[in-house]
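Chains as they are written, first to last, in the numbering used here: chain A, 1 to 292; chain B, 1 to 387.
Hints were generated in silico from the structure; no laboratory data involved. Some hints could be false.
Keeping only pairs whose Cα atoms sit at most 27 Å apart, straight-line, the calculated DSSO-like set for lysine-lysine is [what the hints assert, rightly or not]:
| hint | chain 1 | residue 1 | chain 2 | residue 2 |
| --- | --- | --- | --- | --- |
| 1 | B | Lys-330 | A | Lys-103 |
| 2 | A | Lys-26 | B | Lys-205 |
| 3 | A | Lys-26 | B | Lys-217 |
So the derived label-pair ranges between C-beta atoms look like this [stated by the list, open to error]:
| hint | chain 1 | residue 1 | chain 2 | residue 2 | range |
| --- | --- | --- | --- | --- | --- |
| 4 | A | Lys-103 | B | Asp-256 | 36 to 42 Å |
| 5 | B | Ser-122 | A | Gly-159 | 35 to 41 Å |
| 6 | A | Asp-59 | B | Asp-256 | 33 to 39 Å |
| 7 | B | Met-188 | A | Glu-51 | 27 to 33 Å |
| 8 | B | Asp-194 | A | Gln-287 | 29 to 35 Å |
| 9 | B | Asn-144 | A | Phe-250 | 50 to 56 Å |
| 10 | A | Lys-274 | B | Ser-122 | 36 to 42 Å |
Coverage of chain A stretches by chain B, computed from C-beta distances (three or more under 8 Å per stretch; other residues unrestricted) [said to hold, decoys possible]:
| hint | region |
| --- | --- |
| 11 | 67 to 81 |
| 12 | 92 to 103 |
| 13 | 114 to 128 |
| 14 | 177 to 188 |
| 15 | 280 to 286 |
Beta carbons: idealized from backbone N, C-alpha and C, even for Gly.
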Amino acid sequence: MRKIKTKPTPEIVEDVHHPLERYFRKERLPHIWCPGCGLGTAMSCLAYALEELSLGVDDVSIVSGIGCTGRLAGYMRSDSYHTTHGRAIPFATGLRIAMEMHKPDHKVIVFSGDGDLFAIGGNHFIHAARRNVDLAVICVNNFNYGMTGGQVGPTTPLGAFGTTAPYGSFENPFNLVYLAASSGAPYVARWTTLHTRRLKQAMMEAIMKPGFTFVEIISPCPVNYGRRNKMPTGLVEMRYYQSKSVIRNFADPKDAEIKPEGEIIVGTFIDEDKPDYFDIYRHFVEQMNQEK
Amino acid sequence: MRRSTLIDPAILAGEHFLNGDVACAEGAIAAGCRFFAGYPITPQSEIAERMAYRLPRIGAHFLQMEDELASMAAVLGAVWGGVKAMTATSGPGFSLMMENIGLGIMTETPCVVVNIQRGGPSTGLPTATSQGDMMQARWGTHGNHEIIAYAPSSPQEMFDLTVKAFNTAERYRLPVLIMADEIVGHMMERVLIDPDKIEVFARRKPTVPYEEYVPYKPGKDLVPEMASAGEGYRVHVTGLTHNELGYPDMTVEAQDRLINRLTQKIRKNIDKIVEFEEEGVDEAEVILVTYGINARTSWRAMELAREKGIKVGMLRLITVWPFPSKPIIKLATKVKGFVVPEINLGQMVLEVERVVAGKTVVRLVPHAGGGIHRPEDVLAVIEEVVG
Chain A
1 MRKIKTKPTP
11 EIVEDVHHPL
21 ERYFRKERLP
31 HIWCPGCGLG
41 TAMSCLAYAL
51 EELSLGVDDV
61 SIVSGIGCTG
71 RLAGYMRSDS
81 YHTTHGRAIP
91 FATGLRIAME
101 MHKPDHKVIV
111 FSGDGDLFAI
121 GGNHFIHAAR
131 RNVDLAVICV
141 NNFNYGMTGG
151 QVGPTTPLGA
161 FGTTAPYGSF
171 ENPFNLVYLA
181 ASSGAPYVAR
191 WTTLHTRRLK
201 QAMMEAIMKP
211 GFTFVEIISP
221 CPVNYGRRNK
231 MPTGLVEMRY
241 YQSKSVIRNF
251 ADPKDAEIKP
261 EGEIIVGTFI
271 DEDKPDYFDI
281 YRHFVEQMNQ
291 EK
Chain B
1 MRRSTLIDPA
11 ILAGEHFLNG
21 DVACAEGAIA
31 AGCRFFAGYP
41 ITPQSEIAER
51 MAYRLPRIGA
61 HFLQMEDELA
71 SMAAVLGAVW
81 GGVKAMTATS
91 GPGFSLMMEN
101 IGLGIMTETP
111 CVVVNIQRGG
121 PSTGLPTATS
131 QGDMMQARWG
141 THGNHEIIAY
151 APSSPQEMFD
161 LTVKAFNTAE
171 RYRLPVLIMA
181 DEIVGHMMER
191 VLIDPDKIEV
201 FARRKPTVPY
211 EEYVPYKPGK
221 DLVPEMASAG
231 EGYRVHVTGL
241 THNELGYPDM
251 TVEAQDRLIN
261 RLTQKIRKNI
271 DKIVEFEEEG
281 VDEAEVILVT
291 YGINARTSWR
301 AMELAREKGI
311 KVGMLRLITV
321 WPFPSKPIIK
331 LATKVKGFVV
341 PEINLGQMVL
351 EVERVVAGKT
361 VVRLVPHAGG
371 GIHRPEDVLA
381 VIEEVVG
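With these hints in hand, go ahead and build the complete structure from the sequences.
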């Protein structure tokens, strides 16, 4: 019989505390994400961003939809809402507006995946961006549906393989940064999980900027996406994204389409000041009160 | 019931001439609703329009969403943000709301959903009445659950039952439905609003410190206390099957414990929840079981029958879900039969049949929708039953 090699179980050291421990539901860890997945990196970037902004656990709420990224809400110590598939943004819209009535500095962060935010939730995304409600939307884009086993989605590059595209994807994907920009988001950025410091910076900017802000994170999914597309491990998939990434701040979002074998433009695409939903609401309500 | 100590200046006190939709909006505001999210659909648009006019004037928010999926999701979000919230729709939109009504039940989110019913299926009769969604109200969202639904039959009741729906939602922590119809929604009548008589149930908040708070640990009544965002209780809320800490737990035991509690918190309190009205049932040989607009048309049928010497009584359901079984069980052995007029081809009549269990005759007076019964049609069935 062939002997199966297993990795040694990591030793758990007692009484040693991680500097960011307070941001996580420690009792819920370890997480369910696969080896090589980028979600752990994305989650720690979020914790570093919150720490650097001096935002406490109770100053933010995290809302997510369904899928691998959707599980992030369950690991963050803040008030966290794991909603229905695609509805994280409208749920967060209601939450943020309610907070405006009694705790207006409260930050609401939507953290979800590409399938959740752009297939089943696509309509909510463009309308929330148009409405410019104060939400930071962070999308982990791994180019497929990981949780359900590697089906193609609205971001899968043309020709890439998935369990529902055994001959390669026949469909054109969304260019997320272009979609966000053209829907009116005042802040749009894209980074990979390799650009940890820049990603953390982008999250900080997105969280602090009033209005609808958007950060796309290109993240490896070796188990379900990479494996079917000649990138069998997290390291190989990450190396691919590293070799293809080109930092070009304030590039035209239109040019940022991710094509098979093409370069991946990363950076801040949009960073502008415009009145958010609450500014406009206050303006009209003041006007109404004067007329009364 | 705890009464609010302040007389709310937002309440439209006095005697008014309002349609049912507007009365419903005013009832919501009187109950403390400070967030409304909705999508235009006939015949509920007057509710949304009234809310859009009223809410910004009292520092509250009206939001027109991109669809009913978003409307229902936004309502749940707002409730977790610490306010009372409502949405209103009609058939096609009600279908879309089913998804997040389920999330509301699973996460025990108190809110109110109004359905001004119109003819269906599908686009059906956008401007004409129906009671075709009564079973959808009960079982529309997937999975095992209990629900609470009221059926108003006048603009006054649109006001009163909307206030009540908010209180019941807070009391038992679930979405509560107002199952009205186009006629009640558009009918204009006198509505009396007396702020002294309005009782408002305040959300039950945790009183223990964060370290001791267990978000889904129920009290004796099986209902847990609710912490909102930013209050320091760090609640995790999920539509997945969860344990008392609120964390996902995908075991047979966790499912059994949670789903049973969500069901039992309604079933055990059924006598406190269920409301109905009886008229002349003690001497009656035939009972009209009515709800919503049917109570009005059947009243005339009852008068006509009495003129002919037939002893007719009426059981008007105010709570349609949970179904008021007790008064029917009590009457089943005493009467010649039950007559159930409905603007559908037989929905609540199935419940009457289930409860009567063959002890007496149960007759439906069907109507496919678009209008109301003629009292003569109801009378004909009454006469059939007495033979």
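Consistency of the hints with the structure:
| no. | hint | in the structure |
| --- | --- | --- |
| 1 | Lys-330/B x Lys-103/A | violated (52 Å) |
| 2 | Lys-26/A x Lys-205/B | holds (25 Å) |
| 3 | Lys-26/A x Lys-217/B | holds (21 Å) |
| 4 | Lys-103/A x Asp-256/B: 36 to 42 Å | holds (37 Å) |
| 5 | Ser-122/B x Gly-159/A: 35 to 41 Å | holds (39 Å) |
| 6 | Asp-59/A x Asp-256/B: 33 to 39 Å | holds (37 Å) |
| 7 | Met-188/B x Glu-51/A: 27 to 33 Å | violated (59 Å) |
| 8 | Asp-194/B x Gln-287/A: 29 to 35 Å | holds (33 Å) |
| 9 | Asn-144/B x Phe-250/A: 50 to 56 Å | holds (53 Å) |
| 10 | Lys-274/A x Ser-122/B: 36 to 42 Å | holds (41 Å) |
| 11 | 67 to 81 | holds (count 7) |
| 12 | 92 to 103 | holds (count 12) |
| 13 | 114 to 128 | holds (count 3) |
| 14 | 177 to 188 | violated (count 0) |
| 15 | 280 to 286 | holds (count 3) |
Violation of the numbered hints given earlier is confined to hints 1, 7, 14; the remaining hints are satisfied by the structure.
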